[in-house]
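Starting from the known structure of chain A, fit chain B onto it as the hints suggest.
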Amino acid sequence: MFSFLDFLNQEPFRFIVGLAGVLFLTLNLSAILVMSERKTAGYIQLRYGPNRVGPRGLFQPLADILKLFTKENLSPARADLWIFLAAPIAMFIPVAIVWMTVPFTERSVIADMNIALLFFVAITSIGALGVIMAGYGSRSTFSLLGALRGAAQMISYEVPLILSLLGVIMITGSLSLVDVVNGQSGGFWHWYVWPQLPMFLIFYMSAIAEAKRVPFDLPEGESEIVGGYMVEYSGMTWGLIQASEFAGMGLMSGIVATVFLGGWQPPLPFMDLGVFNWFWFGMKAAIIMFTFQWIRWSVPRLRMDQLMDFGWKVLVPGALIWLFVTAAWMAIF
Amino acid sequence: MPQLGQGTLKGMGITIKHLFSKKITRQYPEYKRDLPERARGMLTVDMDRCIACLQCMRVCPDHCISIEQEKRDFDGSGKPKPYAIGFVIDDSRCMYCSLCVEVCPVNCIYHTEEFEVQAYNRLELARQFGERPVDPTIDPQPPTKKKPKKSAKDGAKGEKPKGKKAAEGDTEKSPEEKPGEDAA
Chain A
1 MFSFLDFLNQ EPFRFIVGLA GVLFLTLNLS AILVMSERKT AGYIQLRYGP NRVGPRGLFQ
61 PLADILKLFT KENLSPARAD LWIFLAAPIA MFIPVAIVWM TVPFTERSVI ADMNIALLFF
121 VAITSIGALG VIMAGYGSRS TFSLLGALRG AAQMISYEVP LILSLLGVIM ITGSLSLVDV
181 VNGQSGGFWH WYVWPQLPMF LIFYMSAIAE AKRVPFDLPE GESEIVGGYM VEYSGMTWGL
241 IQASEFAGMG LMSGIVATVF LGGWQPPLPF MDLGVFNWFW FGMKAAIIMF TFQWIRWSVP
301 RLRMDQLMDF GWKVLVPGAL IWLFVTAAWM AIF
Chain B
1 MPQLGQGTLK GMGITIKHLF SKKITRQYPE YKRDLPERAR GMLTVDMDRC IACLQCMRVC
61 PDHCISIEQE KRDFDGSGKP KPYAIGFVID DSRCMYCSLC VEVCPVNCIY HTEEFEVQAY
121 NRLELARQFG ERPVDPTIDP QPPTKKKPKK SAKDGAKGEK PKGKKAAEGD TEKSPEEKPG
181 EDAA
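Order-wise, the sequence lines are chains A and B. As numbered in this note's numbering, residues 1 to 333 make up the first sequence, in order. As numbered in this note's numbering, residues 1 to 184 make up the second sequence, in order.
Note that these hints are calculated values from the structure, not bench results. Some clues are possibly wrong.
Simulated pairs of lysine-lysine, BS3-like, Cα-Cα distance not exceeding 30 Å [to be verified]:
1) A:K39 with B:K81
2) A:K67 with B:K32
3) B:K71 with A:K39
4) B:K71 with B:K81
5) A:K313 with B:K10
Only part of the chain A face toward chain B is listed, based on derived beta-carbon distances under 10 Å [to be verified]:
6) G42
7) I44
8) G49
9) V53
10) P215
11) W294
12) I295
13) S298
14) W329
Glycine is no exception: its CB is placed at the ideal position from the N, C-alpha and C atoms.
Bound-form chain A, shown alone (with noise of 0.2 Å):
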């Protein structure tokens, strides 16, 4: 029998509403993200947070957008216009693509390639150009020194993110995101997040320094360089750096909870549910989404030299002690 939906699984048919959803889930997650970390730094402060807008405040994500999209979209005078208008498009595509792979169930994933975590480590770094374009053509000073600013810890962070994966992919023995979730099936205490602990540590930091959260937000360090790379930017562009912000945290988080934390593998063998295991998945990412902003409103920010020690002094050398102690323990047992 042949249904709508083996229909919609064909293959040009299954990328187009695969991307369609990615785009969708990108931009609400986003919406619904800020919504959640406002939630979460009121809270913190002792504060209810947004709470005029609809009950309880829920509706708040839909006034922002529709008062980011009321105003105007400012440029400067002499600004590269054009590459001023694509840095967001460059910073939030990325992020959007590498959704693709990040396995929601067995079944459900858009394209489960053999190279995903090659696919998602050379995609993410596509950010740091958005970042570069940004600062470069806003023809600002502030502007160009938060952009190689962040272009520099981005890319510093880079490498024990990397680093990082090498660990689960020389246990695995595959770079596909389903292989590594596979490979982590039975009860938590199968999860990569055990033998794995300091790369898991070290991920989890490059993670946050990718996504340019505090303590490592020195893109857009508030006290020193304004607003960063986006000073200049206004209205929905202004909104889609965000948005785009935010949803690499959501896809950080959504790697993190694949690699180390079993991805839909839930914590006890009984509790499987079967096509539902999206479920699991959706709550270890969202338990990680909401340790970075706890850690956001805890954390003070760190100096550009010490951000650069930690990454290069204290991350790469762990990192590398432990793919030695990987290696080591591989060939022993």
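What follows is chain B alone, placed relative to chain A:
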């Protein structure tokens, strides 16, 4: 090394405690707390007591008070006294310094407990008191120490040249205006 990250963990423990503790937010429009005893709200004027001495107008650093006055003979004593027929306080300029309150000899200008000053148009913030509205857009020029108005009758010599000039001006214009008026 054993102390590594302990400060961060301690701080994060505090924030997670705050996350679940009682919030101290007071929802403003629904809940209004009592103002302190000497709170400075919007200014208001008791026009019955005002003696049009113009002290508040002179002392105001922002020129937010303008008074239009007139001499009226209240008690039939034949000595007209100044009377404020128009009194405007421009709240868009007022900075709540309270100087006018301190300087007023009859305590007719004072702060209320009202502090929610907002409007869509800046001119809506100019609050009028008295019989006749005063144009709040004109920057009120406090009269100089010479008090030309009060001493108008005493210093008639000083007044006359102005009057002459004005009269001359009138006479000069009048030939031109009169035909126009006639024609109209």
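Here is how each hint holds up against the structure:
Between K39 (chain A) and K81 (chain B) the alpha-carbon distance is near 63 Å, which puts this suggested pair outside the 30 Å criterion. For the suggested pair K67 (chain A) and K32 (chain B), the alpha carbons sit about 29 Å apart, so the restraint of at most 30 Å is met. For the suggested pair K71 (chain B) and K39 (chain A), the alpha carbons sit about 63 Å apart, so the restraint of at most 30 Å is broken. The straight-line distance between the Cα atoms of K71 (chain B) and K81 (chain B) is roughly 5 Å, inside the 30 Å bound, and the hint therefore holds.
Pair hint K313 (chain A) plus K10 (chain B) holds up; C-alpha atoms about 25 Å apart against a cutoff of 30 Å. Given hint, G42 (chain A) at the interface with chain B, holds; its Cβ is 8 Å from that chain's nearest Cβ, closer than 10 Å. Residue-level restraint check for I44 (chain A) holds (minimum Cβ-Cβ distance to chain B is 5 Å; threshold 10 Å). Hint status for G49 (chain A): holds, given a least beta-carbon distance of 9 Å to chain B, under 10 Å.
Hint status for V53 (chain A): violated, given a least beta-carbon distance of 14 Å to chain B, over 10 Å. Taken as an interface hint, P215 (chain A) checks out: its beta carbon lies about 9 Å from the nearest beta carbon of chain B, inside 10 Å. The closest approach between the C-beta of W294 (chain A) and any C-beta of chain B is roughly 6 Å, which is under the 10 Å cut-off, so the hint is satisfied. At about 7 Å, the closest approach between the beta carbon of I295 (chain A) and any beta carbon in chain B falls short of 10 Å, and the interface hint on this residue holds.
With its C-beta approaching chain B no nearer than about 4 Å, S298 (chain A) sits inside the 10 Å limit, and its interface hint holds. The beta carbon of W329 (chain A) comes no nearer than 23 Å to any beta carbon in chain B, farther than 10 Å, and the hint placing it at the interface is violated.
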